[in-house]
Amino acid sequence: DIQMTQSPSTLSASVGERVTVTCRASQSIRNFLAWYQHKPGKAPKLLIFKASTLGSGVPSRFSGSGSGTEFTLTISSLQPDDFATYYCQQYNTYSRTFGQGTKVEIK
Amino acid sequence: EAQLVESGGHLVQPGGSLRLSCEASGFTFRSYEMNWVRQTPGKGLEWISYINTNSDLKSYAASVKGRFTISRDNAKNSLYLHLNSLTDDDSGIYYCAREALDSSDSSLDYWGQGTPVTVSS
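Chains A and B, in that order, are what the protein sequence lines are. Heads up: the first sequence at position 83 corresponds to 83 in the working numbering, and the numbers run straight through without jumps. Heads up: the second sequence at position 85 corresponds to 1085 in the working numbering, and the numbers run straight through without jumps.
Hints were generated in silico from the structure; no laboratory data involved. A portion of the hints provided could be inaccurate.
[Said to hold, decoys possible] Derived pair list, reagent style EDC-like, types lysine to aspartate or glutamate, alpha-carbon separation capped at 16 Å:
(1) LYS1065(B) with ASP1(A)
(2) LYS45(A) with GLU1046(B)
(3) LYS107(A) with ASP82(A)
(4) LYS50(A) with ASP1105(B)
(5) LYS1058(B) with ASP1073(B)
[Said to hold, decoys possible] Some chain A residues flagged as far from chain B (calculated, every beta-carbon gap over 12 Å):
(6) ARG61
(7) SER77
(8) PRO80
[As the list claims (entries may be wrong)] Some but not every residue of chain B turned toward chain A, in silico, with C-beta under 8 Å:
(9) GLY1044
(10) LEU1045
(11) GLU1046
(12) TRP1047
(13) TYR1050
(14) SER1059
(15) ALA1061
(16) ALA1062
(17) TYR1095
(18) ASP1105
(19) SER1106
(20) SER1107
(21) LEU1108
(22) ASP1109
(23) TRP1111
(24) GLY1114
Yeah, the Cβ is synthetic: ideal placement off N, Cα and C, and Gly gets one too.
Isolated chain B (complex conformation) (with noise of 0.2 Å):
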């Protein structure tokens, strides 16, 4: 069965920088594009980050835009999300999401339990 598991989240000071990982397991991770969701305290789930199967198409969020990147390493099976110039706006918890392997279709068909960011000083 697929699995993603987040890890990477902690406590970091505003201005601070962080990497999350995604580890993927049960699927051929390579042949799946993936998204960064998060969940912010009070807000619902807002999309940040999408990465194509061999990473040449990315998009942002324009909250995030240039502050955060994405990338992946198809022969680790892991998606990753660099945060730099981090304000608290950016806690909550982050989320990988899987696409769906359909061409025609882009829906987020497996997440994982998600990775807590809290930025605070």
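Next up, chain A with everything else stripped away, as it sits in the complex (with noise of 0.2 Å):
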């Protein structure tokens, strides 16, 4: 199965600060991952899709990059609907694979 490892574990920024979030694969995934926003007691959100495209209804300030073996989720400027844990998600195979998590948390 293909692994997938986000870093870091848990990020710690203030509202309006640039926050990044890498997800590597242990083998190529093409472009096929997707981040999600995932908040205590919510159904997961999708954000973005086929690595960089965003979500429907996703707010701008979410980015996402990469291919091969390495992504990133980026937020422009965080804002205080953004304090949650994010993931990547690899579909590249019918075994699809979450990352470990990422957990934004107010500085």
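Two chains, two separate frames, one set of hints: put the complex together.
The following block contains the structure:
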């Protein structure tokens, strides 16, 4: 199975800061990568698909980049609603896998 | 609007079995590939299983292969997950999630609210 490794595991940031989360795949997944936002007690929300395409209704401060094995999620200016856990997920194979998550906390 | 509603989660003893259901509405269920994903205590999201539209392609995570079975009934707009030989590590919230309709994309664009499973004696 393809392993997905996210870094950092936890990130402390202030409102207005630029935030970057990295996701590495154990082998090439082309651009078959999605990013999700998850808040406690709620359903996960799709933010980015095919590595860089913004999901429906997702604010433009979110962006994704990368291909092959290295990917990034960037929040250009962190907002109060953005404090959550973020996951990458590969779907290059029928055995999909998630990264372990990055929790974005208030500094 | 698309909606997914999971049910069937409850307290079960180790070694026990359970069937989770996910009822879909607001979209043409038979046209979409579906997945189950869980969040276990202290851990993140874990992809569990996938099924294609006509049920002839299924896949499972290594952690559940041979114990869990995914199925669907397109006439009832429903997705199922049969869980057998349950252990403490299977406790968590189980989500059903719909894959994007675009044939070039398999991201999970709609999720249910989840149903909790607790494995404990």
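Cross-check of the supplied hints:
no., hint, verdict
1, LYS1065(B) with ASP1(A), "13 Å, holds"
2, LYS45(A) with GLU1046(B), "15 Å, holds"
3, LYS107(A) with ASP82(A), "13 Å, holds"
4, LYS50(A) with ASP1105(B), "7 Å, holds"
5, LYS1058(B) with ASP1073(B), "14 Å, holds"
6, ARG61, "20 Å, holds"
7, SER77, "24 Å, holds"
8, PRO80, "23 Å, holds"
9, GLY1044, "4 Å, holds"
10, LEU1045, "5 Å, holds"
11, GLU1046, "6 Å, holds"
12, TRP1047, "4 Å, holds"
13, TYR1050, "6 Å, holds"
14, SER1059, "4 Å, holds"
15, ALA1061, "7 Å, holds"
16, ALA1062, "6 Å, holds"
17, TYR1095, "7 Å, holds"
18, ASP1105, "6 Å, holds"
19, SER1106, "4 Å, holds"
20, SER1107, "4 Å, holds"
21, LEU1108, "6 Å, holds"
22, ASP1109, "5 Å, holds"
23, TRP1111, "4 Å, holds"
24, GLY1114, "7 Å, holds"
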